[in-house]
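Asks: Here are the chains, one letter per residue:
Protein chains: 2
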Amino acid sequence: MTPILTAFATSPDRGQGLARDMRVRWALEELGVAYDVQLLSFAEMKQPAHLARHPFGQIPTYQEGERVLFESGAILLHLAERHRGLLPAGDDARMRAIMWTFAALNTVEPPIVERSMAWLLEREQSWYAQRQVMLDERVRTRLSQLSVWLGDRTWLEDEFSVGDLMMVAVLLRLQSSGMIDGYPTLAAYLARATERPAYQRAFAAQLAVFQSR
Amino acid sequence: MTPILTAFATSPDRGQGLARDMRVRWALEELGVAYDVQLLSFAEMKQPAHLARHPFGQIPTYQEGERVLFESGAILLHLAERHRGLLPAGDDARMRAIMWTFAALNTVEPPIVERSMAWLLEREQSWYAQRQVMLDERVRTRLSQLSVWLGDRTWLEDEFSVGDLMMVAVLLRLQSSGMIDGYPTLAAYLARATERPAYQRAFAAQLAVFQSR
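Heads up: the protein sequence lines correspond to chains A and B, in order. For reference, each letter of the first sequence is one residue, going 13 to 225 in my numbering. For reference, each letter of the second sequence is one residue, going 13 to 225 in my numbering.
By construction, these hints were calculated from the structure, which means they are not laboratory data. Among the clues, some could well be false.
One copy or any two copies: either way a pair holds, since identical chains are not told apart in the list.
Below, in silico cross-link-like pairs of lysine to aspartate or glutamate (DMTMM-like), each with a Cα-Cα straight-line distance of 25 angstroms or less [claimed, not checked]:
(1) Lys58 with Glu93
(2) Lys58 with Asp25
(3) Lys58 with Glu136
(4) Lys58 with Glu126
(5) Lys58 with Glu171
These numbers come from a predicted model, not from an experiment.
Use the sequences and the hints to build the structure in full.
Replies: Below is the structure:
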């Protein structure tokens with residue numbers, strides 16, 4: 013049975029691949045798992061049929077027959093556990109890959125999302141410019157710490173894992189800001205990751221949805 | 013070998029149990045795992061010795077011999093996988109417990125933390141009152157959706173899991189705001205969880221640290 017992923021019918025990023033279905037698409041491509049996509053409008057995401065799958069009314073969800081999961085982190089972890097390719101062998105290495113998935117979502121993404129939300133919802137407000145300085149500083153603190161960790165490493169640990177996939181997906185949200193340019197180590201890390209054929213296939217698939225609307 | 017947890021030498025919450033070591037203490041108590049605590053000052057958290065354990069210079073970290081983990085979500089998942097009591101049997105139930113752990117950290121906690129950060133860093137600013145209305149609304153959206161999901165359930169799924177532990181730890185950050193009072197379902201859920209002897213022991217342990225300083 014082909015699993016079904018939900019995604020925005022009209023992604024607010026206009027095909028930039030920043031919505032959270034992209035992480036799942038990328039993981040599915042890395043793992044060689046075929047999938048179908050169900051597109052939802054914003055109105056449909058708040059209807060009972062979708063809320064039964066996702067109590068917070070968001071995308072993505074991931075369905076395999078009767079099993080329904082939401083939260084991109086949980087979906088990625090589920091896929092990485094079921095298929096070979098995104099979790100290293102060995103208890104310690106496996107746990108550290110999972111740790112980086114949480115770090116991407118809980119330590120690196122929140123200041124990035126907060127910065128994006130401010131732009132989206134508060135850029136006409138008198139306080140926007142003053143707050144932006146503070147929000148940028150919070151993001152830079154994380155970028156700087158992550159850059160130090162990466163140093164000469166190719167990936168966060170010895171091999172590419174679900175942790176890298178999530179970290180890269182999170183960092184790509186900053187691409188249009190130019191902030192990554194200040195961290196050559198991170199820019200090179202993003203380039204390595206987005207050159208992966210699985211990333212390219214996933215990106216093309218989500219772009220095709222946007223272009224077909 | 014007794015595992016070592018790092019925690020604030022002087023918790024900014026003055027013993028309210030809101031720092032992220034509390035989640036790990038609670039999990040360790042639920043699972044019956046003895047542990048030692050290493051207390052760190054804010055300055056020590058940014059020193060090379062700690063940054064080698066935690067590249068973002070935060071607490072908690074969790075060490076078992078050579079193994080070091082950071083991110084409270086990853087630590088909880090590691091513990092829940094190694095010991096019986098916080099992950100249900102059965103693939104589906106196990107995955108949904110993990111899913112709720114991610115939901116607590118990625119969907120429910122961010123607006124709560126953003127609200128707390130605004131109070132901490134921006135409450136003297138001219139825009140604080142106006143932004144607070146918006147931040148409260150974001151939190152209430154999540155509380156309302158979570159309350160609908162819980163309905164008559166005792167826990168998020170059939171039995172208490174790592175997902176409930178994390179969700180409760182996150183919601184407790186709102187306790188002093190009074191916002192939970194508007195959601196009797198959530199207030200009852202928090203009461204059930206915090207009555208657990210393991211929670212009580214963990215709370216007492218972190219409070220003792222604060223009172224001893």
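Asks: All hints are to be evaluated individually against the structure, with a verdict given for each.
Replies: The hints, checked one at a time:
no.: 1; hint: Lys58 with Glu93; verdict: neither (30 angstroms within a copy, 34 angstroms between copies)
no.: 2; hint: Lys58 with Asp25; verdict: within (20 angstroms within a copy, 36 angstroms between copies)
no.: 3; hint: Lys58 with Glu136; verdict: neither (28 angstroms within a copy, 37 angstroms between copies)
no.: 4; hint: Lys58 with Glu126; verdict: both (23 angstroms within a copy, 24 angstroms between copies)
no.: 5; hint: Lys58 with Glu171; verdict: neither (39 angstroms within a copy, 27 angstroms between copies)
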